[in-house]
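2 protein chains.
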Amino acid sequence: MTKDVKGGICAAKGFLANGLNAGIKNNVKKDMAIVYSEKPCRAAATFTTNVVKAAPVKYDYELVHNSDFIQAVVVNSGVANACTGKQGMDYCKEMSDAAGNVLGIPSEAVLVASTGVIGKQLPMDIITAGIKELPKDMAGDEAHATLAAEAIMTTDTKSKQVAVTIDIDGVPVTVGGMCKGSGMIHPNMCTMLCFITTDCAINKKLLQKSLSLSIDETFNMISVDGDTSTNDTVILLANGMAGNKEIVEEDDNYKKFFEAVYYINQELSKMIAGDGEGCTCLFEVQIKGAATKEDAKKMAKSVVMSSLTKAAIYGHDANWGRILCAMGYSGAQFDPETVDIYFESEAGKLQIVEQSTATDYSEEKATEILSKEHVIAICNCNNGDFEATAYGCDLTHEYVNINADYRS
Amino acid sequence: MTKDVKGGICAAKGFLANGLNAGIKNNVKKDMAIVYSEKPCRAAATFTTNVVKAAPVKYDYELVHNSDFIQAVVVNSGVANACTGKQGMDYCKEMSDAAGNVLGIPSEAVLVASTGVIGKQLPMDIITAGIKELPKDMAGDEAHATLAAEAIMTTDTKSKQVAVTIDIDGVPVTVGGMCKGSGMIHPNMCTMLCFITTDCAINKKLLQKSLSLSIDETFNMISVDGDTSTNDTVILLANGMAGNKEIVEEDDNYKKFFEAVYYINQELSKMIAGDGEGCTCLFEVQIKGAATKEDAKKMAKSVVMSSLTKAAIYGHDANWGRILCAMGYSGAQFDPETVDIYFESEAGKLQIVEQSTATDYSEEKATEILSKEHVIAICNCNNGDFEATAYGCDLTHEYVNINADYRS
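Chains as they are written, first to last, in the numbering used here: chain A, 1025 to 1432; chain B, 1025 to 1432.
Heads up, a few of these hints could be off.
No copy labels: a pair is met if it fits in one copy or bridges any two.
[Stated by the list, open to error] Straight line, CA to CA, 25 Å or less: simulated DSS-like cross-link-like pairs of lysine-lysine: (1) 1082 with 1269; (2) 1373 with 1144; (3) 1280 with 1294.
Simulated from the structure, these hints should not be mistaken for laboratory data.
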């Protein structure tokens, strides 16, 4: 797997993109994006588990399951088109119709996605004008991939893109992606907007399987604030233009492809966690030595979601009691007397707790380790062979600032 | 039920209390308290559900279940005696022994409780000196009840006390209580330290039942930050000194007593939620029209715990989308298209959402309602006959301040 591939959503053959300011948010920030494939794609997707589903989630669900192929995705930021009733559903169809029309493809081949404020109707005159404008300057280069990645941002501070190349029987196959997400991020399904493209030839069943399985250990293991959005969507499009022999069974080629998709999801997840609203660091929690995989996951998520732990990490305070406490109320079973805890970052690794009681560690060294941009807590239950990792961030004043008046 | 009774933990006949600065935190703040009954008490208790249980929780569990009677409780704040291994357990016994010695009662009749930093050993020389000092000035008046209520505070900004009197066959019976709790408060069992005293004559089984049932809808329905502490404890002591005929079955007298205990727990719960770390308001969430009681509880808790909703309340922002979203990921089933949402406070009541879409409400009026010290969100699912109420608070800069460097 070659990991330093550029071009994000446009890295795979035959994918074009664009992003621009249509005027949804204001007259400056980019707020609409398009991803288009020169050839029709097989599509896989996963959506939010929230009972309250935004209109585009319900709309795309139908299309992904019923359309023979997908060829484009139109995205807007600023307004989520969630809690918008029948009007919101009609607007999804209008977006697909408008894009199908200007691209010369069936409207059933156009997915839509929205992110932003809940409860407001889309400004459809602005949106349709944007849809007419977007294809004029589409291109398959790095610059245009970045325009698209920037246009889907809301409170994100950085655009998020990644791509890799793998070798399938001597044929180079590329997988690339972009995503957005910063608030309302929680381990339950996909938790943000994510678009992945590949030129791999693979059947629909295995395409969906590679996505669903990898999401379980990547996007479902991140948490910024414990809130699961109404709009969470991950879409994976495969146009087959790499020219590899189609993957139709779970052979070594499928495994390579799965690993590529897994890597893309993992990297994008870490980018989201590390860009959590107002955060100053990526906080990684590794649980080791758990009795079951499920217990390991529960504990990792519980620690990464604990407000008290997150505030302590922000304060560079080695408050391991809060970590042990969060493991304790996770619902997982473990021996509370045999836990070892370490903190690690580029500044080094330090054992803070041995057999559930404090070691004679240096507070100064602990603070130094906790002051870096990527902080890892390693908790060994010494209770079994299972591990899990969760990603989150610290809880800061800026998180409160951002969310106390998001709509203003 | 007479609700404006003064005296808190000392309101019931025969209970004495005291609180003082022993020097655990510093040389100014009170940090040790005692509650003593002139006659031996029947005892009931509930404890944290956290797998990681502090030493005093394990110690008291044994005593409450195995001792014939309890006559005193000694409490310290500043150090939680949690994650302290065998040493921590030994210190609990030392505290009971010291108190039993100075009070002239068996050490098996003395419960202990601790709250504060996790992972540090108790400073036993200071603690035992405090235990010798506490009984010297014990008294059964309002002033001494307040000294005790103040001595158990950590990040609390106000002491929390309440008492009521009921009439059992013409005999006045009193129930009073005090509690502390502000951070690490979450709906799961008792979530803080709470001590309740009564002069009611009642058998042990019904005493425990009245406590366990009332806690399920009071302390288990509050949330400050989603973290369930290692030390959560509610203790209820009954010395029978009111002279009523002992309550031994679930008759009308039991019902009266249950309602009194319920009221005490509800009021103390609301005081804790309204004094959440750094908060500016008590945030109450009422779910109505749910299909089951369990669904109503899940939704109420989910909304009251949502960081995004809590930050919006802090910003006086009527962001109902976040409320509907939090109901949606609660795990409860409901029709996402038929929800009505209202905001209410002393400034009035306003319908914000009808049938899951925004009404044409005044943002100005909404902001006025949300600016008060007690804000209520009322969410009607129009889906059934069940209701539940949860209590929490807003998420503020001050919460982050307090928890970023609690140990320093």
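Comparing the hints with the structure gives:
no.: 1; hint: 1082 with 1269; result: neither (33 Å within a copy, 63 Å between copies)
no.: 2; hint: 1373 with 1144; result: between (48 Å within a copy, 22 Å between copies)
no.: 3; hint: 1280 with 1294; result: within (21 Å within a copy, 56 Å between copies)
Hint 1 from the list above is the single one not met by this structure.
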